[in-house]
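There are 2 protein chains.
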Amino acid sequence: MKVIRPPDRMISVSRKLTHQGKTIGVVPTMGALHEGHRSLIQASVRQNDLTILTVFVNPLQFGPSEDFSRYPRPFRKDCRIAKELGVDFIFAPHAQQLYPKGFQTVVEVTALSKRWEGLSRPGHFRGVTTVVSLLFQCTQPTRAYFGQKDYQQALVIQRLVQDMRWPIKVSILPTIREADGLAMSSRNVYLKSNQRQQAASIYTALRTALERIRMGERNAAVLTDSVRRMLLENADLRIDYVALVDAKTLEPVWKLHGRVAILVAVWVGKTRLIDNLLVDVP
Amino acid sequence: MKVIRPPDRMISVSRKLTHQGKTIGVVPTMGALHEGHRSLIQASVRQNDLTILTVFVNPLQFGPSEDFSRYPRPFRKDCRIAKELGVDFIFAPHAQQLYPKGFQTVVEVTALSKRWEGLSRPGHFRGVTTVVSLLFQCTQPTRAYFGQKDYQQALVIQRLVQDMRWPIKVSILPTIREADGLAMSSRNVYLKSNQRQQAASIYTALRTALERIRMGERNAAVLTDSVRRMLLENADLRIDYVALVDAKTLEPVWKLHGRVAILVAVWVGKTRLIDNLLVDVP
Numbered sequence: 001m002k003v004i005r006p007p008d009r010m011i012s013v014s015r016k017l018t019h020q021g022k023t024i025g026v027v028p029t030m031g032a033l034h035e036g037h038r039s040l041i042q043a044s045v046r047q048n049d050l051t052i053l054t055v056f057v058n059p060l061q062f063g064p065s066e067d068f069s070r071y072p073r074p075f076r077k078d079c080r081i082a083k084e085l086g087v088d089f090i091f092a093p094h095a096q097q098l099y100p101k102g103f104q105t106v107v108e109v110t111a112l113s114k115r116w117e118g119l120s121r122p123g124h125f126r127g128v129t130t131v132v133s134l135l136f137q138c139t140q141p142t143r144a145y146f147g148q149k150d151y152q153q154a155l156v157i158q159r160l161v162q163d164m165r166w167p168i169k170v171s172i173l174p175t176i177r178e179a180d181g182l183a184m185s186s187r188n189v190y191l192k193s194n195q196r197q198q199a200a201s202i203y204t205a206l207r208t209a210l211e212r213i214r215m216g217e218r219n220a221a222v223l224t225d226s227v228r229r230m231l232l233e234n235a236d237l238r239i240d241y242v243a244l245v246d247a248k249t250l251e252p253v254w255k256l257h258g259r260v261a262i263l264v265a266v267w268v269g270k271t272r273l274i275d276n277l278l279v280d281v282p
Numbered sequence: 001m002k003v004i005r006p007p008d009r010m011i012s013v014s015r016k017l018t019h020q021g022k023t024i025g026v027v028p029t030m031g032a033l034h035e036g037h038r039s040l041i042q043a044s045v046r047q048n049d050l051t052i053l054t055v056f057v058n059p060l061q062f063g064p065s066e067d068f069s070r071y072p073r074p075f076r077k078d079c080r081i082a083k084e085l086g087v088d089f090i091f092a093p094h095a096q097q098l099y100p101k102g103f104q105t106v107v108e109v110t111a112l113s114k115r116w117e118g119l120s121r122p123g124h125f126r127g128v129t130t131v132v133s134l135l136f137q138c139t140q141p142t143r144a145y146f147g148q149k150d151y152q153q154a155l156v157i158q159r160l161v162q163d164m165r166w167p168i169k170v171s172i173l174p175t176i177r178e179a180d181g182l183a184m185s186s187r188n189v190y191l192k193s194n195q196r197q198q199a200a201s202i203y204t205a206l207r208t209a210l211e212r213i214r215m216g217e218r219n220a221a222v223l224t225d226s227v228r229r230m231l232l233e234n235a236d237l238r239i240d241y242v243a244l245v246d247a248k249t250l251e252p253v254w255k256l257h258g259r260v261a262i263l264v265a266v267w268v269g270k271t272r273l274i275d276n277l278l279v280d281v282p
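Chains as they are written, first to last, in our numbering: chain E, 1 to 282; chain G, 1 to 282.
Please note that the accuracy of each hint is not assured.
Since the list can't tell identical chains apart, any single copy or any two copies may satisfy a pair.
[To be verified] DSSO-like mimics (lysine-lysine), calculated; alpha carbons at most 27 angstroms apart, straight line:
1) 114 x 169
2) 248 x 114
3) 101 x 255
4) 248 x 270
5) 2 x 83
6) 248 x 101
7) 169 x 16
8) 22 x 114
9) 192 x 16
10) 169 x 101
11) 83 x 248
12) 255 x 16
These are computed hints drawn from the structure, not numbers from a lab.
Taking the hints into account, I'd like the entire structure generated from these sequences.
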């Protein structure tokens, strides 16, 4: 396994591989690898001739008051995990290499980026789509892997790839969870132990809503209400949003029908967590 | 010479050519070809194994009150010219093919797009950089050719290509002019004969400023003033902007030094015209 920093070197490596007819799987991450990332890497290693893991804590996708500086960066441990899983290259550019002086291009997916995370984190998706455009250009993926936990992000990137006609298959793989259901996230390390317990209620509330839908509930307001009430039983938990949305457009639905996503974003103390479930409503 | 409409067909053709090791020259136009386009096409045919001319009147880069619907579209004549000059493919997608239902990605070059044309035509460069990103994706150019007449556009595209690390050489070729100096433009056909005469004063004024710089004038305000005064001698001519700017950043300069651009945008009746000259100031 090789670690590559300069974007131009990554480009020449990936271009050479493409010319040799190799398929390239790319797993874009900010490092601090957890079980969720592992499952993406494993899928990529299984499905492609080579796998490139990108590790880049992208300053563009953090707001000014967000956790860019304290975001965990256990690079050596990440390298060990990647090597063990069969990753061929880690692409880990420095910010000033990817965004040299004078850099001023932004890529944006408009409608899908507007609501939910886009509203709570202005500029976030613009940062994501800009860096993903660059990372894809550098790594030339045949397939790229994203986790369902960041569902809106995954949809935004699928749309980007479709709109720009890049020959990349974007796979969204299921959220990997702790034993109590908490979605794996690099930000879980921020949680103190009492917060960690409360965070588990996110999944419990989502599951309860899912059960109610399976039992026949079709009224989105009733369902969001019940999720909210369950979440608010936790003292340290503040709700950012709870929404039932069309799973393709992310527009709110009132009466459930077709494929629907239940989206949750909460603050547990100073840590912001998101999660979601998809449901096919007959 | 072949005319290709579907983006996916253009992509498979250009990818095949790239795999065969061919160099591809691309000349992006909105059609209504004139001598300026001819010189770009000729350069491309000279410098590349194959030349793709793109002909697409891009709705995204026109403002709501602009001339999108009346923009000239002499497609058959354009085909004749292209064939005669040795173009191999004309890529002329329909708008709904390039921007299918649900399309929502925008590409933007921020700082360089702000002033001048960007200020007078909000959204214009966003439209240009979005369509050029798509056209480049479809045609896979080795080299792409733009005219200096649209100098800000050419710089914006150079920046886009550099930022996104596309392996494309962007050439900016000299403005081609009518006998009296008027820069060739597809919009010149809008001019009535008395307006056509007045439009020639744009180049006269630019040349006069150039002479004064060569004679030693270094004060930008004095120079813009003299250009303005010459332009305003024409009854049907309204000035949008006259500016002396750094030729790389397009920021205004006060005391001339280094490579400088003199930019002019005027309305002649209902027709908006732009022109510029570059000067190396010792």
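Structure-based check of all given hints:
Taking identical chains as interchangeable, the C-alpha atoms of residue 114 and residue 169 lie at most 27 angstroms apart only when both belong to the same chain, with a minimum of 24 angstroms there against 35 angstroms between chains. Taking identical chains as interchangeable, the C-alpha atoms of residue 248 and residue 114 lie at most 27 angstroms apart only when both belong to the same chain, with a minimum of 14 angstroms there against 34 angstroms between chains. For the identical chains of this complex, residue 101 and residue 255 are inter-copy neighbours only, at 25 angstroms across copies versus 50 angstroms inside a copy, given an alpha-carbon limit of 27 angstroms. In this homomeric assembly, residue 248 and residue 270 never come within 27 angstroms of each other (Cα to Cα): the closest approach is 30 angstroms inside a single copy and 44 angstroms across copies.
For the identical chains of this complex, residue 2 and residue 83 are intra-copy neighbours only, at 9 angstroms inside a copy versus 49 angstroms across copies, given an alpha-carbon limit of 27 angstroms. When the C-alpha separation of residue 248 and residue 101 is checked against a cutoff of 27 angstroms, the pair qualifies only between copies, where the shortest distance is 14 angstroms, while the shortest distance within a copy is 37 angstroms. In this assembly of identical chains, the alpha carbons of residue 169 and residue 16 lie at most 27 angstroms apart whether taken from the same copy (20 angstroms) or from different copies (20 angstroms). With identical chains, the CA atoms of residue 22 and residue 114 are never at most 27 angstroms apart, being 37 angstroms at best within one copy and 42 angstroms at best between copies.
Proximity of residue 192 and residue 16 under a CA criterion of 27 angstroms is satisfied in neither setting, with 47 angstroms inside one chain copy and 56 angstroms between copies. With identical chains, the CA atoms of residue 169 and residue 101 are at most 27 angstroms apart between copies only, with a shortest distance of 20 angstroms across copies and 32 angstroms within one. Taking the closest pair of Cα atoms, residue 83 and residue 248 never come within 27 angstroms of each other, the shortest separation being 35 angstroms inside a single copy and 44 angstroms across copies. Taking the shortest alpha-carbon separations for residue 255 and residue 16, neither the intra-copy value of 51 angstroms nor the inter-copy value of 49 angstroms comes in at or below 27 angstroms.
Hints 4, 8, 9, 11, 12, counting from the list given before, are not met by this structure.
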